Amino acid sequence: MKQLYFILFTVLLAHQAFSQDKYLTKEGYVSFFSHSLVEDIIANNNQVLSIIDTKTGEIAIQLLMKSFSFKKALMQEHFNENYVESHKYPKAKFIGEIINFTDLNEQINETEIRGTLSVHGEEKEITTIAIVDIQAEEIIITGEFTVEVADFKIKIPSIVINNIAKTIKISFELHHKPYIK
Amino acid sequence: MNNTKFKILFGIFVIVIISLFSMLNCYNKPHRDIRSSKPDLALNSEYLLNEFLQDEVAANKRYTDNIIQIEGTIFKVSTSDGNSVITIKNNNSESSIICQLLPEDNINALKLKKGEKVIIKGICNGFLLDVIMVRCIIVNNK
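Residue numbers (this note's numbering), protein chains in the order written: chain X, 1 to 181; chain H, 182 to 323.
What the hints contain is simulated information worked out from the structure, not anything from laboratory work.
Values in this document were obtained by computation on a predicted structure and should not be read as measured data.
Treat the hints with caution; some may be incorrect.
Claimed, not checked - 30 Å max Cα-Cα, derived DSBU-like pairs, lysine-lysine:
#, chain 1, residue 1, chain 2, residue 2
1, X, Lys91, H, Lys210
2, X, Lys22, X, Lys71
3, X, Lys22, H, Lys295
4, X, Lys169, H, Lys210
5, X, Lys177, H, Lys294
6, X, Lys166, X, Lys22
7, X, Lys153, X, Lys169
8, H, Lys188, X, Lys71
9, H, Lys294, X, Lys72
10, X, Lys177, H, Lys298
11, X, Lys155, H, Lys242
12, X, Lys153, H, Lys292
13, X, Lys166, H, Lys210
14, H, Lys257, H, Lys294
15, X, Lys71, H, Lys257
16, X, Lys72, H, Lys210
Assemble the whole structure, with the sequences as input and the hints as a guide.
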């Protein structure tokens, strides 16, 4: 019995050592903004999952398209059903790397993030400058970049073509905490 | 002659007004009212989680976009961007159900504590590492 406890204890310890390299958030914030002469459209998502591997600087972000909330219910409906087809492509993903992450200090850094964004079943390389704020118990990543609607094969009906911008601004703010099981 | 012309014009005018009004109504259509809606399904949290863990695609078809009432044990009460968030989790599972509440229930959420049983109603949005529910309200806690 003692042996069993010992094994359990070491496994637990080993696991904890492993998981200390991971910082995670399940309540990250991502929003997008479309500006046109007719109207401005903003949608917020507060349920973004993001994981950083502090050993390598790799970052993986996932979100549900349905979690974007709009002011108008009709817009949200059109967005999910007609434009991004959430039933077919429920998730958007970003897998990339924070450049020179291991060289960053415990302070506010400006660095590049490079990776692949996949939305609506289409992939696109993204390079953007982000602010990486490293604190004792938290890694905060904030920034913004723009994407072209056409790059993701999202079809906008001609009747609303003037209401929706061709270039969409995406902002993000992710507060990662050490991952402890 | 003049009279019939007027009638036709007036008819067109009325039609235009009505269609404009209905368009505006449609445009301003409110979000679904969770509190007054009957849940499409009532489940316990463990069951819902297992459904997503076993077959995410099938579970998405079955549960996503539906108003679901779930019963489970509170693991965490937190806030995110002005909304209360209740995490429901069983001890034997890695994953949880994250319920983002409507702001109107923020005060009620503050009264809840870890380990308490709760019944929550909201829209299921899908699964990342956890089942995600939005626009939730607290039905009751016991």
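So, going through the hints one by one against the coordinates:
| no. | hint | in the structure |
| --- | --- | --- |
| 1 | X:Lys91 - H:Lys210 | holds (26 Å) |
| 2 | X:Lys22 - X:Lys71 | violated (35 Å) |
| 3 | X:Lys22 - H:Lys295 | holds (25 Å) |
| 4 | X:Lys169 - H:Lys210 | holds (26 Å) |
| 5 | X:Lys177 - H:Lys294 | holds (22 Å) |
| 6 | X:Lys166 - X:Lys22 | violated (36 Å) |
| 7 | X:Lys153 - X:Lys169 | holds (17 Å) |
| 8 | H:Lys188 - X:Lys71 | violated (40 Å) |
| 9 | H:Lys294 - X:Lys72 | violated (33 Å) |
| 10 | X:Lys177 - H:Lys298 | holds (27 Å) |
| 11 | X:Lys155 - H:Lys242 | holds (24 Å) |
| 12 | X:Lys153 - H:Lys292 | violated (46 Å) |
| 13 | X:Lys166 - H:Lys210 | holds (25 Å) |
| 14 | H:Lys257 - H:Lys294 | holds (8 Å) |
| 15 | X:Lys71 - H:Lys257 | holds (28 Å) |
| 16 | X:Lys72 - H:Lys210 | holds (7 Å) |
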